[in-house]
Every structure is written in C-alpha cells, then in structure tokens.
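Got chain A sorted already, so can you dock chain B onto it with the hints?
Going down the list, the protein sequences come from chains A and B.
Take the first sequence: its position 368, counting from 1, is numbered 368 in UniProt numbering, and each next residue is one higher.
Take the second sequence: its position 298, counting from 1, is numbered 298 in UniProt numbering, and each next residue is one higher.
If you're looking for bench data, these hints aren't it; they were derived computationally from the structure.
Be a bit skeptical, because a hint or two may be false.
Per the computed footprint, the stretches of chain B lying under chain A, defined by three or more beta-carbons under 8 Å from a beta-carbon of chain A, are [to be verified]: (1) 47–53; (2) 73–84; (3) 195–202.
Partial pick of chain B residues on the chain A-facing surface, computed with a CB cut under 10 Å [what the hints assert, rightly or not]: (4) Q94; (5) E98; (6) P104; (7) V115; (8) W116; (9) K134.
The calculated lysine to any residue pairs, modelled on SDA-like cross-linking and capped at a C-alpha distance of 25 Å, are [unchecked claim]: (10) B:K158 - A:S78; (11) B:K107 - B:R144; (12) A:K210 - B:K107.
Ideal placement from N, C-alpha and C gives every residue a C-beta, glycine not left out.
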Amino acid sequence: MILRNVAIRHGRSALAAPLRRSFLRSMTTDTLTHETDALDHSVHNHLKETHSIEGNINQLNLTQSFVPPSNAREPSDSIKTDYASQQRLNKRTGKLGATVEKGYVPDALVRNPPKPADVTLELLMASQSHLGHSTSLWNPANQRYIFGIRQGIHIISLEETAAHLRRAAKVVEGVAYHGGLILFVGTRAGQGPAIVKAARLSKGCHLFEKWIPGSITNGDQILAKCDVKVVDKDDVEITSGFEDKVANWKALKPDLVVCVNPLENYIMLHECGLNNIPTIGVIDTDADPTWVTYPIPANDDSLRCIQVIAGVLGRAGQEGQKRRLEAAKTETAEDKKDAANSLRRVAPIAGETAPEQLRGKSSGQELDDIDDEL
Amino acid sequence: MKVSWLPATLKETRQCASAPRSISFSRQRGVNIRPRNFTTSTKLRAGIAAAEFDFEGQDGEGGKRPPFYARLLPCSPSYFTAQPLFTDNLLAVQTLLERYGNLPTVKPGEAPRVVWRPLADYRDSVGEVVQASKYSKILQVLHRLNHIHPSLMPEPVKDALNEYKRDINPFRNVVKVAPIDKMGRTLGAGRRKASTARAWLVEGTGEVLVNGKSLVDAFGRVHDRESAIWALKATDRVDKYNVWALVMGGGTTGQAEALTLAVGKALMAHEPALKPALRRAGCVTRDPRRVERKKPGHDKARKMPAWVKR
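So here's chain A without its partners, still in its complex pose (with noise of 0.2 Å):
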C-alpha cells in the first residue's frame, strides 16, 4: 500500500470511529510496547484492518448468562384431549339439525366402485363419459361410437359406451373366473388410485408408472428379479414341492390387461398383441380402436370417467374370483382326478416352457399337442 494515501483511505473512519478499547490497552500494556508497531501494524496488513472492522462489528456484551432460543416446544397434551373431545361431539351431534344433502367426495368412485349393474346412463353422463375430441382430432374408425357433434366436439354414445362396458366386464369376470392375471394399466397422473384399486379388488396387477418397453416380449431379462409364487386352487400359497420349478419358470405374462389410456400405452399394446394378450382399453375419439381387442369407447381424459371404468372392471374381477374360489370349494372328485391327470402329464416340461403350463385343461386333445411336441 502507498503510505502517503493512508491518511486519504483511513483518516475519515479513524476520525469518526470512537477510540477502540483494545487498541487503548495495547497503548497501556506491555504487549504492544511501542505506538509505532501498532501504526506499522495497521498499515502494513489491510487484510487483517478489515478483520477488525469485522471484529469491531462483532462486538457483543458479555453473554454468559445467555440462553439460546429454543423452537422444540414440549407436546402439550392439550392436544390430545381437545382431539379426542371433538370426535367425541362429532359422534354425537353430527346427526342433529338440518339433513345435508350429499356432496360431491372426490374420492368416492375410488373408496367404493360401481358394480357392472350400476352402470346407467345418468352415471356416465355425469362421470363425463360422452366428451370426445375436437372434432378435427378424431380417428374415423370412431365413427360408430359417435353420438354426434357438439360446440366442436365429438359425443360419444352413452349406449354404446355402458354396452361395451357390460361386455368387456364379462371379459374381466371370465377371466378371473378362469383363474387369469388381469394387468390394469393407467400411466396419466391422478389415475393411479383407481387403478390400484380395481387391481387389488380383482386380485391383478397394477402399473400406474412408465411401462418398461420389453416387460412381455424380454420379460426374463426385465422381470427376472420379480418374484413368483405358486398357489392352488383355493389361492392358498403352496411353499413346497414347486421350489425348482419356481427357480427355473420364465416371467410372467398376464392373460389380460386393461389398458386406460392406450394413447401411451402403444409399445404395451403392440407386446400384447404380438404374444397373442387380448387387451381391454378405453377408447377416446382420437385414439384407434384396433390397438385394443375390446374397445370402450368413452372420454379417457376424465378422472370420474376412469374412475367408474375401473372401478365397474375392478368389480367385475372381483366377483369373477368369488365365483372361482365358490367353484373350487366344491370341486368333485372327477375335477380332482382330472387335475391330479394332467399335472402328472404336463409336469415334466414345465421347466423349459410358459408358466400357464400349470393351468392347462385336461381335455385329451390337448394332451395329444404336448405329447406331440415332445
């Protein structure tokens, strides 16, 4: 630094600055003997002048007695009790005074699902079911679900709609009732609750993220670490006697899969089609009917809308696998021996070839293929 701009730099703030303590007893002390060091000091380390400055800033009182403040708030049970006395009054005046009529629950349609017989035309409506496309949107293969034109959108049928919806609830009760694996597929945002649900009421599978591409088609290479269980007729686990059989069994392929937004969902549909997977899916007036065996021709970019379909499926399964576990309790011995039959006859490849080996039918023909093959 130039000595002869100190003054200019420093002399205002010495000026202003009351006298420090500190540097008063460096004056009177014998540490810092002679006034000059403490001059060349100052003068000759700027880095450590602005130090001070900072020091001077930091200049607290004494803060022995200090306590710091404190966020963490002991749980009062106040809460507790005011909780437990407002459920309490709730149980018991919630009944008193004026009948409400019944809201609108967004999450209603997902808690408890419409049966296949529920299904009317006022539920559809209301779910808005009948909104397609723009009508420059549309697929023309769409032509005979359409209802008619209205402010520049495609109307679907309701009848149309609900028919398909009955058939392909059919599909889903026969399926389950068959003992297949229904897959439910709804990869848009908010359609993941309903679709969990009519899985878990249809004892499926659910997939409501990205559909790996390749899940069917190399299923061995993508699912590989997924695991599998063996359960008998009564949807018991069997743990023993299937243990290498286990090991040794390729992927899974579900036997339908109801798809909500086939849109997306082309790559899963093409998989479908190519190992010979019938699919369910929800058809739009954009979208192409062919990409799915049973079409249901309805608005797939409405939440209610998939909710009810879902839900109307997911029900469907679910009283395909009652009437299934009903059937199987009252299995007759000819079944048994049926059964007994041909696990004996197709248990020896069932290594090397698909896992729906296991609930191959017992009818001779068959049998005959296999041998065949053999």
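Only chain B this time, still in chain A's reference frame:
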C-alpha cells in the same frame, strides 16, 4: 406411433407371420383364444390387438367348471412395474397417509427432526434400482406423516417412520461444552501444521504468557502475535481475559495459528454465544493442510528433476 403408414406388403407379412404362430404355439392357457384370422386383403389399418377370448369353447361357462390347478402368480401386485418392492412400499405409506391424514399436525418447523435413510441404503435393502426421484416420493409422504402431532401419532405410522429412519440420529448429537474449573479457567486445544497448542483462559486484564514468555518474546513477527490472540481481538475481548498457553512443535506460524484455535475454543467455553462470530473470524475451523510428502522420482513433493536431452 401409428402403423397405418407401413406399406401393404409389410403389413401382410406381419399378419402372415403372426397368424400361424398363434396356432402352432398351442400354449395351454386357462382360457381359449381364437387364432387371428389369416387374411390377404390389404385393409386400410391392420390392428395390432390379439383375438378375442372364446369362452364358449371353454369348460365352465356351459355347465362344466374351469379346471382347478395350482397356478403361478406374482408375489406382489406391482409385478409388472419391475420394482415391486419399491412400489409396494410407496403404496403402503400412501395408504397410511390416506388413513391418518386427518389427524392434527404440528406447525411446519416444530416436527421432530429426522434424518431419513439415504438412497443407497434403501436401494441395498430392497435390491432394486430405484431412482432418486422415486425414493423422494416416499420421503415426501414420510415427511408429512412425521408432522402428525406426537401425542396422537398412531402405532402403524410410528413403525413406518422408524423403518425409514437412519439408525443414528445426528440431531441428537450435542456438542460437548468444555467446563470452567473452580478457579475460573477454561482449557482449549488447537493444532496447525505440526504444532499443538493448549491455552488456559481466565477472566483478567489482557495478559498473555506463551510457554512462560510474553507475546512479544514468544513471537518475533507482529503478524504472529496478532494471530495468537486473534480470537480475543476479533471479539474485542483482549482486555477481559488472561491467557496462559503451552505450544509445542512446528514453526512460529504454526504455533501462532495453533494458538488461534486453542484460544478460540477456550473462549467459546466461557461464552458459547460467540461461536458464530468466532467462526466468521476463522477461529473455529482446523486448517487440515500439512506438508505434502515427497514422491519418488520428484525432487520435492511435486518438483521434477530438470530434463536433459541424453
């Protein structure tokens, strides 16, 4: 992704390829599927979908029951997500939130501080490749569950939270405060380079003794003198404490700066609230730099011998 643009020949080829295969496969299924019809007509659009079910030809619908065999099923309904354990975990915590989301909560800052298990730990436990964004979905739900009022926290939620908590909660680590002995002294230790310093601080008038010598005698450089009591200077307490220090090892700079840390720590024992100010002044953090070792082939740590041509 549309297929209609494919040339007619290709579409036909695909149909030809797929139709006979579905017959010859004759995989035994629970339900019959009618084989796709073989067709040579060039339709405008070739469907990709499989053929419909044929329940009529099946046992069961018409009087006879379906066959009852052992079946192979996925262990988890999330089988086709390829991350069944993660998806099940996510659904489990979401179900908890759905069920207990109406309970009273504490204010945003007042929930007990929790450190969740890191992603790598979680990946190891489930054995699946879970992306960070997906794991954060679980953490988001857990964070909300953690805000349920502690006096009303249901047992299932407690269990779920414990499952995702780290084994060690770093927020329970309390910094040990050095004690003030009965004579009013505090001891602080500091290190820098090869030097070690211990400093005893007592309330006084600003006298400093380093290894029994005054500051001027102990350190020739003014800069070192200032460094030694920098903690007191930066907080303007030079005249409020007496320092008695022992320094060992290293050179003068190292000894002086080791004293900075030692005095700073001893001062913090007297006045814990000074910690932020001392940290800003650089009296808290140990400087970890050491002399770099000499390497073989080098003259010094990094210097290479001069390269001479032949």
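Hints and how they fare:
With a cut-off of 8 Å between beta carbons, the segment 47–53 of chain B has 7 residues touching chain A; three or more are needed, and the interface restraint holds. Taking a C-beta to C-beta cut-off of 8 Å, the segment 73–84 of chain B contributes 11 residues in contact with chain A, enough for the three needed, and the coverage statement holds. Proximity of the segment 195–202 of chain B to chain A, defined as three or more residues with a beta carbon under 8 Å from a beta carbon of that chain, is not established by the 0 residues found. The criterion of a C-beta within 10 Å of any C-beta in chain A is met by Q94 of chain B, whose closest approach is roughly 9 Å, and the hint holds.
The interface hint given for E98 of chain B is met, as the beta carbon of that residue sits about 8 Å from the closest beta carbon of chain A, less than 10 Å. The criterion of a C-beta within 10 Å of any C-beta in chain A is met by P104 of chain B, whose closest approach is roughly 6 Å, and the hint holds. This hint is violated: V115 of chain B has a C-beta 16 Å from the nearest C-beta of chain A, more than the 10 Å allowed. At a threshold of 10 Å, the smallest CB-CB gap from W116 of chain B to chain A is about 19 Å, leaving the interface hint violated.
Interface restraint check for K134 of chain B: the shortest CB-CB distance to chain A comes to about 8 Å, inside 10 Å, so the restraint holds. Note on K158 of chain B and S78 of chain A: the hinted pairing holds, with a Cα-Cα distance of about 21 Å set against a maximum of 25 Å. Distance hint between K107 of chain B and R144 of chain B is fulfilled; the C-alpha atoms sit about 11 Å from each other, no more than 25 Å. At roughly 36 Å between alpha-carbon atoms, K210 of chain A and K107 of chain B are farther apart than 25 Å, so this suggested pair is violated.
Hint check: violations occur at hints 3, 7, 8 and 12; the rest are consistent with the structure.
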